[in-house]
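Colleague: Residues per chain, in single letters:
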Amino acid sequence: MKKLINKPENFVRESLEGMAYAHPDLLKIHLDPNFVYRADAPVQGKVAVISGGGSGHEPMHGGFVGKGMLDAACPGEVFTSPTPDQMFEAAKAVHGGAGVLFIVKNYTGDVMNFEMAAELAHAEGIPVQNILIDDDVAVKDSLYTAGRRGTGTTVLAEKICGAAAEAGYDLKQVADLCRRVNLNGRCMGMALTSCTVPAKGTPTFDLGDDEMEIGIGIHGEPGRERMKIKSADEITEMLALAIIEDPAYTRTVREWDMEKGEWVEVELTDEPFKEGDRVIAMVNSMGGTPVSELYVVYRKLHEICEKKGLTIVRNLVGAYITSLEMQGVSITLLRADDEMLRFWDAPVHTPALRWGM
Amino acid sequence: MKKLINKPENFVRESLEGMAYAHPDLLKIHLDPNFVYRADAPVQGKVAVISGGGSGHEPMHGGFVGKGMLDAACPGEVFTSPTPDQMFEAAKAVHGGAGVLFIVKNYTGDVMNFEMAAELAHAEGIPVQNILIDDDVAVKDSLYTAGRRGTGTTVLAEKICGAAAEAGYDLKQVADLCRRVNLNGRCMGMALTSCTVPAKGTPTFDLGDDEMEIGIGIHGEPGRERMKIKSADEITEMLALAIIEDPAYTRTVREWDMEKGEWVEVELTDEPFKEGDRVIAMVNSMGGTPVSELYVVYRKLHEICEKKGLTIVRNLVGAYITSLEMQGVSITLLRADDEMLRFWDAPVHTPALRWGM
Amino acid sequence: MIVTKDQIVRWLRRVADVLEENKEYLTKLDAAIGDADHGINMDRGFKRVLGQLPKVEDKDIGSILKTTGMALISSVGGAGGPLYGTLFMRAGMAVDGKQELTPEDLVTLLRAAVDGVIQRGKAEVGDKTMVDALVPALQAFQKAVEAGESVDIALERAVAAAEEGMKATIPMLAKKGRASYLGERSIGHQDPGATSSYLILKALLDTVREAP
Amino acid sequence: MIVTKDQIVRWLRRVADVLEENKEYLTKLDAAIGDADHGINMDRGFKRVLGQLPKVEDKDIGSILKTTGMALISSVGGAGGPLYGTLFMRAGMAVDGKQELTPEDLVTLLRAAVDGVIQRGKAEVGDKTMVDALVPALQAFQKAVEAGESVDIALERAVAAAEEGMKATIPMLAKKGRASYLGERSIGHQDPGATSSYLILKALLDTVREAP
Ligand SMILES: Nc1ncnc2c1ncn2[C@@H]1O[C@H](COP(=O)(O)OP(=O)(O)O)[C@@H](O)[C@H]1O
Ligand SMILES: Nc1ncnc2c1ncn2[C@@H]1O[C@H](COP(=O)(O)OP(=O)(O)O)[C@@H](O)[C@H]1O
Ligand SMILES: [Mg+2]
Ligand SMILES: [Mg+2]
Ligand SMILES: [Mg+2]
Ligand SMILES: [Mg+2]
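Protein sequences appear in the order of chains G, R, S and D. Note that the first sequence ends on residue 357 in my numbering; no numbers are left out. Note that the second sequence ends on residue 714 in my numbering; no numbers are left out. Note that the third sequence ends on residue 926 in my numbering; no numbers are left out. Note that the fourth sequence ends on residue 1138 in my numbering; no numbers are left out.
If you're looking for bench data, these hints aren't it; they were derived computationally from the structure. Treat the hints with care, since some could be wrong.
Every beta carbon over 12 Å from chain S, so not counted as near; a handful from chain G, in silico [as the list claims (entries may be wrong)]:
hint, residue
1, Glu303
2, His349
3, Met357
For lysine-lysine, the following DSBU-like pairs were computed, each having C-alpha atoms within a straight-line distance of at most 35 Å [said to hold, decoys possible]:
hint, chain 1, residue 1, chain 2, residue 2
4, R, Lys364, G, Lys228
5, G, Lys2, S, Lys761
6, R, Lys449, R, Lys617
7, G, Lys172, G, Lys28
8, S, Lys773, G, Lys92
9, G, Lys2, R, Lys585
10, G, Lys140, S, Lys737
11, R, Lys364, G, Lys274
12, G, Lys308, R, Lys364
13, D, Lys1093, R, Lys497
14, G, Lys92, S, Lys769
15, D, Lys954, D, Lys973
16, R, Lys385, G, Lys274
17, G, Lys230, G, Lys2
18, G, Lys7, R, Lys665
19, R, Lys497, R, Lys529
20, R, Lys385, R, Lys449
21, D, Lys949, R, Lys385
22, G, Lys2, R, Lys364
23, R, Lys497, D, Lys949
24, S, Lys889, G, Lys228
25, R, Lys587, S, Lys737
26, D, Lys931, D, Lys981
27, G, Lys140, S, Lys881
28, R, Lys364, D, Lys973
29, D, Lys973, D, Lys1101
30, G, Lys140, S, Lys836
31, S, Lys889, G, Lys274
32, G, Lys230, S, Lys742
33, D, Lys973, G, Lys230
34, R, Lys585, S, Lys737
35, D, Lys985, R, Lys449
36, D, Lys1101, R, Lys617
37, G, Lys230, D, Lys954
38, G, Lys7, S, Lys916
39, S, Lys719, S, Lys916
40, S, Lys836, S, Lys916
Ideal placement from N, C-alpha and C gives every residue a C-beta, glycine not left out.
Just need the whole structure built from these sequences, with the hints factored in.
Modeller: This is the structure in structure tokens:
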């Protein structure tokens, strides 16, 4: 196993401790249960934005804790959803009186654990809402699956909602904005290599020397299709067209009814991209792919968007939501309106995303 | 070959084109000869800071072009020094009347090509100086080798000198500062895996599944010692102690005598670290190592520095000077005085390094 | 024949052993159609349970099982954590205050446990999840008890049904959980959660069969 | 026997062919003690030379060689670029204006070329660089010409000396260039630059041996 770690069972904790040493101005960590939170939390009167999920996707989420983005992040074991007590303790630590938004990636484990956390927070008198990110167009059908997975749009939603909370939006407003970001964002990824979960010590899956996997999940879940490696341009085209030409997608999700204190089912539909859309584009490394290759992908993505009548008005090119040391790339497009762009451009200062301050 | 590329021979150009699409506000590119330069160049009255070297170390150098850092970067083929015409054309494009500083990593090829470029610039009437970065403590002896290689300190020198130039330092002042940064910076790296040069298509070297290489160069040059993989703490200790306990190092380098228009040999000595030093620490991914592991290394580095009486006053944890998709890490420590820290903290806005704006 | 508190505690310890032994096996199953952590998660969870047991061993069975559920919820994570956490929490709530369990108590316990899993996860039989092992086991157990069989015979039937249910997941197309993303490619693999459910029930049978 | 302009042009074309053929071989040598690009770089460089040749073919030998040097400088990069660039630039400057070369001209040309490499790179014989092939070749050539041998015989001696010098790099410990970082570990490998120098000289011999 080619990793810079000590004992696998200490990996998550030691990585968090390193973060705390490196960024004392931005964040603090709490161990057992584990969470990362803003150094200046709780910020009184501000909605607290919290996310979390399995570890192994760094910098997401801990690297996005700081001013203008997340108030707290709850890292589980590698690729394993965190537990409700982590989210609950984090919520108590950062709740500034205006409630807590949980941004939840749509994986069965994450959803159930965050639902339990919301129930605990509610019982403690903390206003709470859970908004799902389910943007992975590699998953076609929501009737015969657990629905689309939460991938790249998560990063964009955390930035935009973090800025909105900073600007004084109330919980309902931040939650509505988050839902809208999710409904306008789509993502798809691919892998050139597998990754190795430290506790397991061997690759999660085997890919031939000349093979790649399209539509991979960020936990090393096998994707939709395995095929011979193609050129960067062909791969970019496969991902970008799957995103751009994806039809309307309807699913039923559970949100929290704050008044009644119970879960309600909500049907949501997002609309396909269309000519004239302005988009934020993210070209993201799965962890082991260097930025030089990401720019080769961005080059082609730019051309494709132009041809399809989409204008990329902002972009991120780098490693933001990863699968350990996996080589590969994901593309995310978010149809952005003025409000989203305003919050996108707002100052942010976290370990992994920083501008304007 | 597990890479997101099209034809290997187009890799550098296409990656540059992607950068240009992604960062039109920050930089422009020139092809044939290839260089990346500030969108607002030439900045009148400002010393132009230029660096360059083989490609494959991204984000260095192109990712550091922008406000407060480099005016231009000259990327060669992968792991191959750029050619003098690249540096010369870049110098002409960004020269704002106050001269040009070439920051050169100490590799035979880079040194010779940048020397030819300086001669060309001088002949064209552009005031020029070449400052070498030779900080790699893995290379012990300068008498029987081409001298220490230029590695991590390059990134820190580019940031600090870029800020000094922005602040109005003249060419001699920026060059003096750059030399001082180099004399106070030390670096060492290691590899868990090899990397693959696109044009070659197979790994540069073979490492067993349980082996690592200590003291690796950033071009996949074999290092000083091959051994069984150790824990992150042990690896960090090996690198950190090699840096902290490195004795004074004396070497003769060539600098340009601007008045006489000829090369002069200069003897330089840098002093070892000592208790009480304040340092800027960089924990850098060789490209394929994710940031979660870098924090595990940073954690131990923090402890070692504390024990040795060094205070880390600033840090960078991420992929800044890489070897394609190589897994591994390098550690850089720079003894920083107030002047360096002031320029470190100054605003910078480039694709890969950004703060204060 | 009744099941004693002591047996329940020994069962939980045995589950910890069995899951440790099967850690790599379960993880390998999860690698094929999931994310390669089910064995690791369950092992971690029951190690936590082992740590909590001494504190509650002298309480009633309900408390012991609820503590087990809480320990799992706060240590397993993933899908397995809330599901098995709920399973043991509900089991404990169903037998609150009891120091021993009659066959009828066990039916109540199992039904509450399985219902909890279904409520939390919304899976049906045939979706290729732990529900495919749990529901047949519950039905077989209940039927045997109603037919007047002793606890060990009823458990034998339940374990056999769980094993059958577990194996029946192999040809299924997953509709819930991470495996569902694979579509057709989920066919041909045994579900890790159904497997751990079978192992947990089997451990109960083995405990009950031992000299008390 | 003299060397014509036509032969010089054919030599350069042959070098391009030979380097293309040996691209992987040279790169493999460079992978062992360098950074695995020497063959790729030299091949790219002489492809550029091929592109420039039509423009200067009807000029004098000096111009042709200087153009070759400039093409290499602006396309090879690395250590090889400035070194081979300087080699051909200086060679061209030494025979400026000439349409054909006498044996003595060739001595002048080779000496200027090799001196240029030494000035640029500061390497000595024994440092495990191209200098280890070039210097013995120059000496052998000069000695043969001074002894009145014809150009092809003198070149034969030069090539033999270059080959010997190239092989002599195998047991050497590198003191210059990238290989020097390896210390003891550089021993046992043949230097890629010495190898390309040998190939370039061999190509000249082969060209001269052909019917003119
Ligand atoms: N909705 C669900 N209802 C019941 N069981 C489920 C559901 N989703 C997943 N499971 C079970 O959980 C198991 C996977 O558990 P685990 O690996 O711990 O979680 P994760 O998939 O989050 O990594 C599956 O094998 C399946 O039996
Ligand atoms: N200082 C020097 N003087 C002469 N030749 C040198 C010197 N340094 C390196 N070389 C030659 O250059 C060759 C390597 O060339 P190349 O691979 O193109 O450059 P790089 O090492 O920059 O990748 C070496 O094999 C050696 O023969
Ligand atoms: Mg999991
Ligand atoms: Mg090179
Ligand atoms: Mg799993
Ligand atoms: Mg080389």
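Colleague: Now, for every hint given, state plainly whether the structure supports it.
Modeller: Evaluated hints:
1. Glu303: 30 Å, holds
2. His349: Non-interface label stands for His349(G): nearest chain S Cβ at 30 Å, farther than 12 Å.
3. Met357: 34 Å, holds
4. Lys364(R) to Lys228(G): Holds. Lys364(R) to Lys228(G) sits at ~16 Å (cutoff 35 Å).
5. Lys2(G) to Lys761(S): Holds, at roughly 27 Å.
6. Lys449(R) to Lys617(R): Satisfied, since the Cα-Cα distance of roughly 21 Å is no more than 35 Å.
7. Lys172(G) to Lys28(G): At roughly 27 Å apart (the allowed maximum being 35 Å), Lys28(G) and Lys172(G) satisfy the hint.
8. Lys773(S) to Lys92(G): The given pair, whose Cα atoms are some 31 Å apart, holds under the 35 Å limit.
9. Lys2(G) to Lys585(R): Since the Cα atoms of Lys2(G) and Lys585(R) sit roughly 11 Å apart, the hinted pair holds (cutoff 35 Å).
10. Lys140(G) to Lys737(S): 32 Å, holds
11. Lys364(R) to Lys274(G): Between Lys364(R) and Lys274(G) the Cα gap is close to 32 Å, so the pair holds against 35 Å.
12. Lys308(G) to Lys364(R): At roughly 25 Å apart (the allowed maximum being 35 Å), Lys364(R) and Lys308(G) satisfy the hint.
13. Lys1093(D) to Lys497(R): 28 Å, holds
14. Lys92(G) to Lys769(S): 27 Å, holds
15. Lys954(D) to Lys973(D): With a Cα-Cα distance of about 20 Å, the restraint between Lys954(D) and Lys973(D) holds, given a limit of 35 Å.
16. Lys385(R) to Lys274(G): 30 Å, holds
17. Lys230(G) to Lys2(G): 26 Å, holds
18. Lys7(G) to Lys665(R): 25 Å, holds
19. Lys497(R) to Lys529(R): Roughly 30 Å between the alpha carbons, so the hint for Lys497(R) and Lys529(R) holds.
20. Lys385(R) to Lys449(R): Holds, because 14 Å separates the two Cα atoms, which is no more than 35 Å.
21. Lys949(D) to Lys385(R): 33 Å, holds
22. Lys2(G) to Lys364(R): 29 Å, holds
23. Lys497(R) to Lys949(D): Roughly 32 Å between the alpha carbons, so the hint for Lys497(R) and Lys949(D) holds.
24. Lys889(S) to Lys228(G): 28 Å, holds
25. Lys587(R) to Lys737(S): 25 Å, holds
26. Lys931(D) to Lys981(D): 14 Å, holds
27. Lys140(G) to Lys881(S): Holds: Lys140(G) and Lys881(S) sit about 28 Å apart, inside 35 Å.
28. Lys364(R) to Lys973(D): 17 Å, holds
29. Lys973(D) to Lys1101(D): Holds - the C-alpha atoms of Lys1101(D) and Lys973(D) are around 30 Å apart, at most 35 Å.
30. Lys140(G) to Lys836(S): 20 Å, holds
31. Lys889(S) to Lys274(G): Since the Cα atoms of Lys889(S) and Lys274(G) sit roughly 31 Å apart, the hinted pair holds (cutoff 35 Å).
32. Lys230(G) to Lys742(S): 29 Å, holds
33. Lys973(D) to Lys230(G): 28 Å, holds
34. Lys585(R) to Lys737(S): Within the cut-off at roughly 27 Å; holds.
35. Lys985(D) to Lys449(R): Holds: Lys985(D) and Lys449(R) sit about 31 Å apart, inside 35 Å.
36. Lys1101(D) to Lys617(R): Holds, at roughly 30 Å.
37. Lys230(G) to Lys954(D): Within the cut-off at roughly 26 Å; holds.
38. Lys7(G) to Lys916(S): 32 Å, holds
39. Lys719(S) to Lys916(S): Cα-Cα ~18 Å, so holds.
40. Lys836(S) to Lys916(S): 25 Å, holds
Going down the numbered hints, you'll see the structure goes against none, and every one checks out.
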